[in-house]
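J.: Please take these sequences and the hints and turn them into a complete structure.
Chains as they are written, first to last, in this note's numbering: chain A, 1 to 524; chain B, 1001 to 1235.
In short, the hints are calculated from the structure, not lab data. Watch out, some of these pointers could steer you wrong.
Said to hold, decoys possible - Computed cross-link-like contacts, EDC-like style, restricted to lysine to aspartate or glutamate with a CA-CA straight-line distance of at most 16 Å:
(1) A:435 / A:490
(2) B:1044 / B:1025
(3) A:117 / A:178
(4) B:1090 / B:1025
(5) A:117 / A:273
(6) B:1065 / A:318
(7) A:141 / B:1127
(8) B:1002 / B:1088
(9) B:1135 / A:104
(10) B:1085 / B:1127
(11) A:435 / A:297
(12) B:1120 / A:137
(13) B:1050 / B:1006
(14) B:1120 / B:1184
(15) A:313 / B:1138
(16) A:262 / A:321
(17) B:1065 / B:1083
(18) B:1065 / A:321
(19) A:259 / A:286
(20) A:500 / A:516
(21) A:259 / A:297
(22) A:141 / B:1162
(23) A:116 / A:173
(24) B:1120 / A:143
Claimed, not checked - With beta-carbon atoms standing in for the labels, derived distance ranges:
(25) A:407 / B:1160: 53 to 61 Å
(26) B:1234 / A:91: 19 to 27 Å
(27) A:104 / B:1121: 51 to 59 Å
(28) A:105 / B:1226: 50 to 58 Å
(29) A:520 / B:1121: 53 to 61 Å
(30) B:1164 / A:145: 18 to 26 Å
Glycine included, each C-beta is placed from N, C-alpha and C at the ideal position.
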Amino acid sequence: MSITIIGAGLAGLSAALTLAEQGVSCNLVSAQASERAQSVMAEGGINASLDTMGEDDAVTYHFEDTMRGGVNLADPNAVWGLCQNAPAVVRRLYALGVPFSTNERGIVQRNFGGQKKKRTAFVKSSTGKMLMTALIDEVRKYEAGGLVRRFAHHRVSALHIESNACRGVTVTDDYTNEALTFSGSVILACGGMNGLFEGLTTGTTQNTADVAALCLENGVELANLEFIQYHPTTIGISGKRLLVSEAARGEGGRLFVRKNGKPWYFMEEKYPELKNLMPRDVVSAEMTAVTAMPECENQVYLDMTGIARDVWKTRLSDLREQLVHYLHIDPAKAPVPVSPGIHYFMGGIWVDEQHRTSAANLYAAGECACQYHGANRLGGNSLLGAVYGGMVAAQTAMSDPETDRVSPEQAEEQNAEVSPSFRARVSAVLGAYLKILRSESGLRQALEELNALSAAAGNPAEVRLLRLAAATVNCALFRKESRGAHRRTDYPVAERGCQKQTIVTNTEIFYREIPERRSHEAID
Amino acid sequence: MKLLIEILRQASRTSAPYKQTIAYEAPPEDTVATLLKRLNSEEKLTDTSKSPVGSIYWQCSCLQKKCGACAMRINGTPRLACDAKLGEFKRGRLVLEPLKKFPTVRDLIVDRGVMMENLKAIHNWLEQSARQSEKTVDLRYDASRCLQCGCCLEVCPNFTADGSFYGAAAFVPASRILAQAEKDNPQALAAYYKENIFSGCGKSLSCHHICPAEIDVEHKLANANAVAVWKRYFR
Chain A
1 MSITIIGAGL
11 AGLSAALTLA
21 EQGVSCNLVS
31 AQASERAQSV
41 MAEGGINASL
51 DTMGEDDAVT
61 YHFEDTMRGG
71 VNLADPNAVW
81 GLCQNAPAVV
91 RRLYALGVPF
101 STNERGIVQR
111 NFGGQKKKRT
121 AFVKSSTGKM
131 LMTALIDEVR
141 KYEAGGLVRR
151 FAHHRVSALH
161 IESNACRGVT
171 VTDDYTNEAL
181 TFSGSVILAC
191 GGMNGLFEGL
201 TTGTTQNTAD
211 VAALCLENGV
221 ELANLEFIQY
231 HPTTIGISGK
241 RLLVSEAARG
251 EGGRLFVRKN
261 GKPWYFMEEK
271 YPELKNLMPR
281 DVVSAEMTAV
291 TAMPECENQV
301 YLDMTGIARD
311 VWKTRLSDLR
321 EQLVHYLHID
331 PAKAPVPVSP
341 GIHYFMGGIW
351 VDEQHRTSAA
361 NLYAAGECAC
371 QYHGANRLGG
381 NSLLGAVYGG
391 MVAAQTAMSD
401 PETDRVSPEQ
411 AEEQNAEVSP
421 SFRARVSAVL
431 GAYLKILRSE
441 SGLRQALEEL
451 NALSAAAGNP
461 AEVRLLRLAA
471 ATVNCALFRK
481 ESRGAHRRTD
491 YPVAERGCQK
501 QTIVTNTEIF
511 YREIPERRSH
521 EAID
Chain B
1001 MKLLIEILRQ
1011 ASRTSAPYKQ
1021 TIAYEAPPED
1031 TVATLLKRLN
1041 SEEKLTDTSK
1051 SPVGSIYWQC
1061 SCLQKKCGAC
1071 AMRINGTPRL
1081 ACDAKLGEFK
1091 RGRLVLEPLK
1101 KFPTVRDLIV
1111 DRGVMMENLK
1121 AIHNWLEQSA
1131 RQSEKTVDLR
1141 YDASRCLQCG
1151 CCLEVCPNFT
1161 ADGSFYGAAA
1171 FVPASRILAQ
1181 AEKDNPQALA
1191 AYYKENIFSG
1201 CGKSLSCHHI
1211 CPAEIDVEHK
1221 LANANAVAVW
1231 KRYFR
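T.: What follows is the structure, encoded as structure tokens:
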């Protein structure tokens, strides 16, 4: 059996480890070393109903919060699997040495957005980095044993799909320009579509969206591209958006805007139950609304000055250092100006509950896949989705019948890269029209501007990126309602008839019904 | 601010390096990383002798000190490009060079794969489930923060890419594993540690001050030595 994993972040490592533990070998391909993957940037934590905080938490509550947070657009059976397995996932990470804080009942958990219980396990605000270090070391064991073959500094140059089945992948060595073709199944774990919004996201520059663009070109279905998460608390720094972790609000941070000159804690007034910890789509939309009011200033602040000294020390020291370093603001002493910024792509490569894409023997997991998060992702569910999704994708890849080999005429490489200036032009269009609030006229304008860029597309990679950009805008045009992270000024409410997935291919766009929820016993 | 940027360039692993000087203007709050992004998005950039510059090859990923990709020599000091604000360089003179301890791939990109190979060679992994202890939690947290950027090896008087001493980029991660060792269960790593770290370290501790993640490197060395060499285990 031959399996190639594209991406060596959390989802890719999790898939590799799952395969290796079953004695199945894999090629683990990544543009850079695992230490450079976006997963190391994840801050706040990982969700699991461990019930260590005396709040009677249970899988059902995690499930309900995730479905509600995603405005009922996620696959309920997949979400149940995610939530049910979450405690085992977190315990496994603990056994791999992740230095979670503990109390007499087990792993300590914190409050996080959109969740009514303390359910987020964490290591200060460096949770992603801690998970990655533990998994990198564990996978290293199997690298030494020969089961995991690493190909760092390699990028995908061709995906071999014939009769809707994946036969393999060609990757090119960034250092030597040599191409290698791997036959067999492929698990994509290549991250979100940051490359459509260069400089406008909190994530890495290396999640280019180039593989999603290749999928689209090869007839693989993409889904829900219109759902782009704007995280409420980000700050523009040199060349990117800097995230202020939701942990800041989980530990007591408060949002305010000056209204007629006085601080107005608008989230606390409008949402007395969850207050500043409403789901991210709600908070970002409220921030946009209050800053548009004539009696309010055009700037929201995050006030963390009430956070106790020992919490800063034991739980948020890294977050504080980061803000002092990049903004010269000590958040323990002064409020920090924040605004919403692009943080996560709920949509991506369509997958079923078992992480199969629409092409046989092609799987996707982690942020590149459209799974678990519906119309809006809850904080703490992305690390969980990446680890669990990687496990499921690997298990499915092992159990599915093997694929045919790549035919020699297919294995020809198509090496071309998107130039920085072209990416910047595409990003400028999408950044201008795929904001928190969208409208038909704006989206039509975006399509026109993208169309005008087609003459400037100088190679196949640029043509593909442009098509992916247009597909994303088309998804936003197609969904004539407001739900989660997709808010239309011309269709301001959620429509029952639109409680479906948007599916987009290189030839069509349509709605697909969300799978019916099976009884939990049947899934167990 | 006005900048005069000298970049040590090299077209491939085997070609000869050469210097290229570019006059450019950028805001002082920009970092060297953003500056490189700006230079690469200019369509027709020329150097001070009017020759075309073309794409400058360098590595980056997170742009906020969390991934270690953009380590390079900036005015002679190994550091992260995303951590170097232009305003620091009052005279506007910048010299950008690749790290010198690793083979140059192209321009500012070096092949740091030896660091991962070394960790593999010393068996840097847990042999059994972690023994979680509150006593070691801070140590394991700090050790887990290592970026594998290579700045520590660049300043180390004992490390060479083809040598048998593996430096702080190995002993910092090793200290996380060694914190788990017990008398009845010494990690395989301990034996390799003696050979590839303890015996080659001249204790200059230049690594301690250069770490861009500000890891307490000396503390990791002392603790790893205590376990691997002196068999003083955490209880």
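J.: Given the hinted pair residue 141 of chain A and residue 1127 of chain B, is their Cα-Cα distance within 16 Å?
T.: holds, 9 Å
J.: Return holds or violated for the Cβ distance of residue 407 of chain A and residue 1160 of chain B against the range 53 to 61 Å.
T.: violated, 46 Å
J.: Within a Cα-Cα threshold of 16 Å, do residue 117 of chain A and residue 273 of chain A meet the stated pairing?
T.: holds, 12 Å
J.: Checking one constraint from the list: CA of residue 500 of chain A to CA of residue 516 of chain A, max 16 Å. Satisfied?
T.: OK: residue 500 of chain A and residue 516 of chain A at ~11 Å, within 16 Å.
J.: Given the hinted pair residue 1065 of chain B and residue 1083 of chain B, is their Cα-Cα distance within 16 Å?
T.: Holds, at about 6 Å.
J.: Holds or violated: are the alpha carbons of residue 1065 of chain B and residue 321 of chain A at most 16 Å from each other?
T.: holds, 11 Å
J.: Would you mind confirming whether the straight-line C-alpha gap from residue 1120 of chain B to residue 137 of chain A stays at or under 16 Å?
T.: With a Cα-Cα distance of about 9 Å, the restraint between residue 1120 of chain B and residue 137 of chain A holds, given a limit of 16 Å.
J.: Can the suggested window of 19 to 27 Å be confirmed for the beta-carbon pair residue 1234 of chain B and residue 91 of chain A?
T.: holds, 22 Å
J.: Within a Cα-Cα threshold of 16 Å, do residue 313 of chain A and residue 1138 of chain B meet the stated pairing?
T.: holds, 12 Å
J.: Does the structure keep residue 141 of chain A and residue 1162 of chain B at a Cα separation of 16 Å or less?
T.: The hint is violated at about 22 Å.
J.: Evaluate the given range 18 to 26 Å for the C-beta pair formed by residue 1164 of chain B and residue 145 of chain A.
T.: holds, 23 Å
J.: Is the Cα-Cα distance between residue 262 of chain A and residue 321 of chain A 16 Å or less?
T.: violated, 29 Å
Comparing the model with each earlier hint shows violations of hints 3, 10, 11, 14, 16, 22, 23, 25, 27, 28 and 29; every other hint is respected.
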